[in-house]
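Sequences and hints are given; from them, build the entire structure.
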Amino acid sequence: MAAIEVEGLAKSYRVYLKEEGLLAAIRGLFRRRYKLVQAVRGIDLRVEQGEFVAFLGPNGAGKTTTLKLLSGIIMPTAGTARVLGHIPWKREDAYRRRFALVMGQKNQLWWDLPAQESFRLHQQIYRIDPKTFARTRDELVSLLGVRGLISQPVRELSLGERMKMELIAALLHSPEVLFLDEPTIGLDVVAQHAIQNFLRHYQQQRRTTILLTSHYMKDVAALCRRVVIIAHGQIMYDGSLEGIIDRFSRHKVVTLQFPPDGARPAGLARLGEVVEDSFPRVRLRVDRRQVPETLAGMLRSISLEDVSVEDPPLEEVIAEVFEQVSRQPEAAEALTGKEA
Amino acid sequence: MSRLEAWWVILRICLEERLVYRGDFALGTLMRFLPIVTQIFLWTAIFAARPERATILGYTRDDFVAYYLLTMVARAFSSMPGLASGIALQIRNGEIKKFLTQPIDMLGFLLLARVAHKLVYYAVALGPFALVFFLCRGYFEGWPEPHRLAAFAASLVLAFLLGFFLEATLGMIGFWFLEVSSLLFVYMLFNFFFSGHMFPIDLLPGVWGDLVRLLPLHYLAYYPSAVFLGKVPDQELAAGLCVQLAWVVFFAVTARAAYQMGLKRYSAFGG
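Protein sequence lines, in the order shown, are assigned to chains A and B.
Everything in the first sequence is counted per this note's numbering, starting at 1 for the first residue and increasing by one.
Everything in the second sequence is counted per this note's numbering, starting at 1 for the first residue and increasing by one.
Treat the hints with care, since some could be wrong.
Stated by the list, open to error - Heads up, simulated SDA-like pairs for lysine to any residue below, C-alpha to C-alpha not over 20 Å straight-line:
{"#": "1", "chain 1": "B", "residue 1": "Lys98", "chain 2": "A", "residue 2": "Asp311"}
{"#": "2", "chain 1": "A", "residue 1": "Lys218", "chain 2": "A", "residue 2": "Asp311"}
{"#": "3", "chain 1": "A", "residue 1": "Lys90", "chain 2": "B", "residue 2": "Met106"}
As the list claims (entries may be wrong) - Covered by chain B, per the in silico footprint, the following chain A stretches (three or more residues, Cβ under 8 Å):
{"#": "4", "stretch": "65-78"}
{"#": "5", "stretch": "105-117"}
Hint data in this document are derived by calculation from the structure and do not stem from the laboratory.
Backbone N, C-alpha and C fix where the C-beta goes; we use that ideal spot for every residue, glycine too.
Here is the structure:
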């Protein structure tokens with residue numbers, strides 16, 4: 001059963017164009033110029049109940065706008081969306097009691113009070129009965145290892161500790177759908193890892209439908225089987241994490257291990273782009289289509305101790321895709337399409 | 001779980017938050033008593049050159065001092081420091097999102113937070129207020145009759161609600177304009193003059209006084225003081241309170257409508 005159904009969802013903003021300088025500022029008092037920004041351009045998406053889906057994309061791709069649309073903060077310019085059967089931007093309490101939104105860059109807790117007071121407030125806002133509240137809070141607090149911190153004012157907590165408290169506050173009412181907007185932004189590796197472990201465990205236990213946006217590939221690799229890549233407001237890819245490489249990577253990495261006492265053969269650069277040269281170990285980036293031919297040629301003409309062929313790291317492939325679409329918006333359209 | 005219980009928890013948490021910076025709060029509260037000292041000196045100096053029991057437009061020196069003491073009480077109910085600018089800031093920095101995604105009403109929540117703010121303020125200020133009124137008891141002609149005292153209490157509660165909804169309405173302008181500080185400054189200026197905070201508005205001549213009495217601002221400070229001092233005749237008390245209540249309802253409806261329209265705009269253009 002689908003938890004989230006989106007069809008042709010689009011959102012455009014009118015943005016004020018402010019030119020540089022005092023004269024331009026004065027001119028702006030009388031005549032303003034605006035630009036229409038199409039943040040989301042007609043996306044279709046279906047997320048089944050219990051799925052953990054990652055939204056990837058460069059800055060300004062439309063990820064956060066999509067989450068804002070699905071959580072009812074903003075209304076679309078066109079298209080429809082239903083989350084758990086509700087139209088989000090109607091903002092019915094019946095819907096608001098069933099989902100939660102956590103934004104890594106926004107604090108929703110009471111700054112000067114201990115987090116446990118914010119939890120208590122959430123208990124009342126979401127009308128959680130006292131027994132369920134105590135059980136859920138204790139479980140979440142122990143899973144995230146913050147028992148000793150809930151009575152400390154939020155302003156005295158570290159960024160990682162604060163994010164753990166934000167997650168607890170968001171999950172107290174056991175939402176069926178959870179929107180996470182960069183929950184690990186700015187956190188150190190240890191805190192990132194702790195939050196990843198928690199989310200994985202929580203999602204497996206509760207089968208909560210989660211939509212996650214993150215710039216950290218480690219978050220995505222650790223948590224999500226399904227990845228949606230969005231760029232310039234359009235979905236470019238919707239499929240498995242591994243499928244990204246097959247679809248977007250144009251190269252393979254060939255590692256050549258030469259005999260330590262042998263001479264360095266000439267003309268290696270002709271076989272592919274040298275990405276690492278620490279002779280007797282050399283790594284080349286070779287066009288995917290040329291790999292069999294190149295390998296055969298090498299084995300015929302060069303003496304090798306070992307050879308391996310690998311896909312490039314996922315992060316590298318995604319960076320390449322982002323860079324490509326950032327340079328030329330029309331590339332996004334060219335790349336758009338679903339995994340077969 | 002009753003709604004009443006939810007309100008109580010919100011109120012309790014707001015009270016706790018208020019008490020975090022209790023030192024600063026206590027100091028700010030005590031500082032509010034300074035202007036009354038200067039008022040006593042000012043009006044004593046003005047009346048020094050006049051015969052005893054002289055009046056200025058019907059006010060003796062004692063009347064003036066009693067009036068300022070009472071407006072201080074009225075403003076303790078009706079002033080809403082930081083409310084309008086706080087709402088505008090929440091709209092500007094996006095904090096308002098939590099009221100869109102969580103099942104909680106922003107106006108109701110802010111009202112409870114303000115009640116908590118006032119309760120802490122009264123708790124801190126009660127002692128100093130009692131002391132000041134005891135020391136200045138000579139400026140009063142005694143306690144008003146019970147029905148007048150009740151009307152005074154009602155006008156204070158209505159002044160609180162009017163102050164809240166009026167400033168909340170102003171704060172909602174933040175949905176349309178990013179920066180509202182100049183507008184709020186102009187409002188504060190008008191409030192200072194026309195609420196009766198600076199001088200009793202019956203000092204204003206003829207049509208000007210009538211005009212100011214048509215505005216809701218004088219219910220924030222002048223009206224409760226005038227009720228206490230007997231400047232509102234008995235037969236006009238009920239009607240006066242009804243008009244004050246009508247203004248409360250008007251601004252409660254306006255604030256709610258502005259919030260709904262603002263949210264529509266925010267959802268369409270911002271977020």
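Worksheet item: Do three or more residues of the stretch 65-78 of chain A come closer than 8 Å to chain B, measuring C-beta to C-beta?
Response: With 7 residues in contact (Cβ-Cβ under 8 Å with chain B), the coverage given for the stretch 65-78 of chain A holds.
Worksheet item: Is Lys98/B within 20 Å of Asp311/A, Cα to Cα?
Response: violated, 43 Å
Fill in: Proximity test - 8 Å, beta-carbon atoms, the stretch 105-117 of chain A to chain B, at least three hits
Answer holds; 6 residues pass the 8 Å Cβ test.
Discussion item. For a C-alpha distance cap of 20 Å, please report whether Lys90/A and Met106/B respect it.
Written reply: holds, 16 Å
Discussion item. For Lys218/A and Asp311/A, compute the direct alpha-carbon distance and say whether it is at most 20 Å.
Written reply: holds, 17 Å
Hint 1 from the list above is the single one not met by this structure.
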